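Sequence lines, in order, name chains V and H.
Just so you know, the first sequence maps onto residues 1 to 345 in the numbering used here.
Just so you know, the second sequence maps onto residues 346 to 690 in the numbering used here.
It should be emphasised that the hints constitute simulated quantities derived from the structure, not laboratory data.
Source: prediction; values computed, not measured.
Among the hints, a few may not be true.
[Said to hold, decoys possible] Footprint (simulated), chain V over chain H, 3 or more residues, beta carbon under 8 Å: (1) 348-358; (2) 443-452; (3) 500-510.
[To be verified] From chain H, some residues computed to sit far from chain V (all C-beta separations above 10 Å): (4) Asn385; (5) Thr396; (6) Asp548; (7) Pro567; (8) Arg573; (9) Arg577; (10) Gly592; (11) Ser600; (12) Ile602; (13) Arg609; (14) Met614; (15) Leu647; (16) Ala648; (17) Ile658; (18) Gln663; (19) Gly674.
No residue lacks a Cβ here, since even glycine has one placed at the ideal position from N, Cα and C.
The lines below spell out each chain.
Number of protein chains: 2
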Amino acid sequence: MTTAEKRLKNLQSQYIQLAHGNGGRFMRELIDNLFAYHLNNSLLDTNTDATAIPIDGTQEVMVTTDGFTVKPLEFPGGNIGSLAVHGTVNDLCVSGAVPQYLTLNAFIEEGLEITQLDRIIASLGTAAKEANVSVVAGDTKVVARGEGGGLYLATTGVGLRDKSIKLGTSQICPSDIILVSGPIGDHGIAVMLAREQFGMRGDLQSDSANVLPLSQALLKIPGLKFMRDPTRGGLASVLHEICQSTGLNIRVFESQIPIREPVRSVCEMLGYDPYYLACEGRVVAVVSEKQADTALAALQTLADGKQAAKIGILSEGQPHLILETELGGERFLELLEDDPLPRIC
Amino acid sequence: MTTAEKRLKNLQSQYIQLAHGNGGRFMRELIDNLFAYHLNNSLLDTNTDATAIPIDGTQEVMVTTDGFTVKPLEFPGGNIGSLAVHGTVNDLCVSGAVPQYLTLNAFIEEGLEITQLDRIIASLGTAAKEANVSVVAGDTKVVARGEGGGLYLATTGVGLRDKSIKLGTSQICPSDIILVSGPIGDHGIAVMLAREQFGMRGDLQSDSANVLPLSQALLKIPGLKFMRDPTRGGLASVLHEICQSTGLNIRVFESQIPIREPVRSVCEMLGYDPYYLACEGRVVAVVSEKQADTALAALQTLADGKQAAKIGILSEGQPHLILETELGGERFLELLEDDPLPRIC
Numbered sequence: 001m002t003t004a005e006k007r008l009k010n011l012q013s014q015y016i017q018l019a020h021g022n023g024g025r026f027m028r029e030l031i032d033n034l035f036a037y038h039l040n041n042s043l044l045d046t047n048t049d050a051t052a053i054p055i056d057g058t059q060e061v062m063v064t065t066d067g068f069t070v071k072p073l074e075f076p077g078g079n080i081g082s083l084a085v086h087g088t089v090n091d092l093c094v095s096g097a098v099p100q101y102l103t104l105n106a107f108i109e110e111g112l113e114i115t116q117l118d119r120i121i122a123s124l125g126t127a128a129k130e131a132n133v134s135v136v137a138g139d140t141k142v143v144a145r146g147e148g149g150g151l152y153l154a155t156t157g158v159g160l161r162d163k164s165i166k167l168g169t170s171q172i173c174p175s176d177i178i179l180v181s182g183p184i185g186d187h188g189i190a191v192m193l194a195r196e197q198f199g200m201r202g203d204l205q206s207d208s209a210n211v212l213p214l215s216q217a218l219l220k221i222p223g224l225k226f227m228r229d230p231t232r233g234g235l236a237s238v239l240h241e242i243c244q245s246t247g248l249n250i251r252v253f254e255s256q257i258p259i260r261e262p263v264r265s266v267c268e269m270l271g272y273d274p275y276y277l278a279c280e281g282r283v284v285a286v287v288s289e290k291q292a293d294t295a296l297a298a299l300q301t302l303a304d305g306k307q308a309a310k311i312g313i314l315s316e317g318q319p320h321l322i323l324e325t326e327l328g329g330e331r332f333l334e335l336l337e338d339d340p341l342p343r344i345c
Numbered sequence: 346m347t348t349a350e351k352r353l354k355n356l357q358s359q360y361i362q363l364a365h366g367n368g369g370r371f372m373r374e375l376i377d378n379l380f381a382y383h384l385n386n387s388l389l390d391t392n393t394d395a396t397a398i399p400i401d402g403t404q405e406v407m408v409t410t411d412g413f414t415v416k417p418l419e420f421p422g423g424n425i426g427s428l429a430v431h432g433t434v435n436d437l438c439v440s441g442a443v444p445q446y447l448t449l450n451a452f453i454e455e456g457l458e459i460t461q462l463d464r465i466i467a468s469l470g471t472a473a474k475e476a477n478v479s480v481v482a483g484d485t486k487v488v489a490r491g492e493g494g495g496l497y498l499a500t501t502g503v504g505l506r507d508k509s510i511k512l513g514t515s516q517i518c519p520s521d522i523i524l525v526s527g528p529i530g531d532h533g534i535a536v537m538l539a540r541e542q543f544g545m546r547g548d549l550q551s552d553s554a555n556v557l558p559l560s561q562a563l564l565k566i567p568g569l570k571f572m573r574d575p576t577r578g579g580l581a582s583v584l585h586e587i588c589q590s591t592g593l594n595i596r597v598f599e600s601q602i603p604i605r606e607p608v609r610s611v612c613e614m615l616g617y618d619p620y621y622l623a624c625e626g627r628v629v630a631v632v633s634e635k636q637a638d639t640a641l642a643a644l645q646t647l648a649d650g651k652q653a654a655k656i657g658i659l660s661e662g663q664p665h666l667i668l669e670t671e672l673g674g675e676r677f678l679e680l681l682e683d684d685p686l687p688r689i690c
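Looking at chain V on its own, in the form it has when it is part of the complex (with noise of 0.2 Å):
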């Protein structure tokens, strides 16, 4: 028997169970045995409604919230776990803050597999550890068979923000330079050739992963107006917010935007366009012109980095974004309106 086989034997049950969720006995075993075993820090206190969390009063607080419910709950790079900790530590990231705190739900179906749970919660706790943020409180749920997806999750992150750093749509003017740190799109593509349901399979997998790396080394340029990741609704739906917001027009170019062969090739044979693929590692960033190269520069130095590139530019005139083609053409990225992926994120 295996140190997990043994850990997990004592949750009587291979099986998520309704008691598993009613405030007694099992569930504070598969609390101990599984949650806290993983997400294990000097301030996740299982037994207590509320935890003190140290807060440097010379830096500002954000807090961000996010849900997550892929199908399926795992995929090639990654699954809801790791997902679960890189998509809010990113939103705190693009903001310009350093994440510090995660706080977790979990909506479990009866019946999920509970060394399938274990997996999962198992890389939920290495990602918040390579991303330097601890779990301190969470809350499971466990809901009757047929009335979950198997699994849910919601976490909300607190990070600190050097109060000097201003960052937002109302920085950018015409002439910055939009960057993407680096290929759009593998997210969505992954989970999709994760469900079979085409009968495809690749090798291709998620950019899920924490994005401090990036957003920190943009954080020392200048330049720097507004980062953002794009996921539901991907690369399109970044820039379109920035064209309401700004009301200013985009134009990016089709030869520029890094889109893997892969990717590629699955969006032209089921005609899903990647501008509007998620993406769950990648930063999306608007700089002046006149620093837009040193940016680059930056991000090409780093691993997740390497294909950095630089994609549009802003101007005056109808908050349109426009997409040059890689033959003159353009093409005008509409807001999206139907879900081309349901469930990705």
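Chain V is already provided as a structure; the job is to place chain H on it using the hints.
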């Protein structure tokens, strides 16, 4: 057409669709016309990923989180929206903190009626205002029909606590007195009756409420050792936790524990044990023997504390929880194993 009908007309459908979760226009309309409308406050900016929260650095920052899956979504005395505020706010209150901020995650099932979602989020907004907390960040996900129980919510709360406050089971000693702020089990039975699975109906309302007035009154009592809100697992589970943490014996008196007549009769009819039923607006407190009457009087002056009572006492001995019955007998209240009422909160 009522104002609400006009506002919700912008959503273009009477029911939640998958496209309401896609990161595009439908999601934006749902957030603007429904969530932001009810949760409106100066810190909530639905266009950013992370929000700065002003924190008073002289106080301790407390964090807690809770998930909500109650079924039915609406019940006498509240709904999943008000419950999602009370549950999290109360965890902060009993830690000794004053709640300040909430984050909100909604997992919405495709097909949920939008007017029902609107009522629920309206209640959530009202409960937040009453508790004087701002919802500063949120996220919505839509899951396909059959993959969710209508609506699940998760809230994370941030509160501030005076650094001098020392509460916890480590403060508890023999001869300390256990108080409860009001009748137990109202929430559990009200939700159960609302399910109508037993063909019964009653006038009983959930006790769902924020306990800030109760907790703040108790914090003024110098002999206060410990507070907890008995939710899932009920009064017995809180007392078990005290036994286990302190190694002390607890004796509670059946004749002293306030239980409303309808709760008592439903329990007798169906064989439920009221000591394990969920409350959502009660406080269990442990106070020194000397200060117990002062604490009781302080509770009884409050609207929600009129039926407060001294219900038990701690002593040296085996860490067991013993109920002294009205007839003078003794009964061990064991740690909860099976789930009397799933999806109660």
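Right, here's what the structure says about each hint:
1. Three residues within the 8 Å Cβ limit are the bar, and the region 348-358 of chain H against chain V gives 0, so the coverage statement is violated.
2. With 6 residues bearing a CB less than 8 Å from a CB of chain V, the region 443-452 of chain H meets the requirement of three and the coverage assertion stands.
3. For the region 500-510 of chain H, the stated coverage by chain V holds: 5 residues have a C-beta nearer than 8 Å to a C-beta of that chain, and at least 3 were required.
4. Non-interface status of Asn385/H relative to chain V is upheld: no Cβ of that chain comes within 10 Å, the nearest being about 17 Å off.
5. Against chain V, the non-interface label of Thr396/H is violated: not every CB pair exceeds 10 Å, the least being about 5 Å.
6. Every Cβ of chain V is farther than 10 Å from the Cβ of Asp548/H; the closest lies at roughly 27 Å, confirming the non-interface assignment.
7. The claim that Pro567/H lies off the interface holds: its Cβ sits roughly 21 Å from the closest Cβ of chain V, which is beyond the 10 Å cut-off.
8. At roughly 7 Å, the least C-beta separation between Arg573/H and chain V is not larger than 10 Å, which violates its mark as non-interface.
9. For Arg577/H, the requirement that its beta carbon stay farther than 10 Å from each beta carbon of chain V is not met, with the minimum near 3 Å.
10. Distance check for Gly592/H against chain V: the nearest CB is about 14 Å away, which clears 10 Å, and the non-interface claim stands.
11. For Ser600/H, the requirement that its beta carbon stay farther than 10 Å from each beta carbon of chain V is met, with the minimum near 26 Å.
12. A cut-off of 10 Å between C-beta atoms confirms that Ile602/H is not in contact with chain V; the least separation is 18 Å.
13. Here Arg609/H stays apart from chain V, with its beta-carbon at least about 21 Å from theirs, past the 10 Å limit.
14. A cut-off of 10 Å between C-beta atoms confirms that Met614/H is not in contact with chain V; the least separation is 21 Å.
15. No Cβ of chain V comes within 10 Å of the Cβ of Leu647/H; the nearest lies about 21 Å off, and the non-interface call holds.
16. Residue placement check: Ala648/H keeps its beta carbon more than 10 Å from all beta carbons of chain V (closest about 23 Å).
17. No beta-carbon of chain V is positioned within 10 Å of the beta-carbon of Ile658/H; the least distance is around 22 Å.
18. Annotated as non-interface, Gln663/H keeps its C-beta farther than 10 Å from every C-beta of chain V; the closest such distance is 18 Å.
19. Chain V leaves Gly674/H outside its interface by the beta-carbon criterion, the shortest separation being 24 Å against a cut-off of 10 Å.
Violated hints, in rising order: 1, 5, 8 and 9; the structure is consistent with all others.
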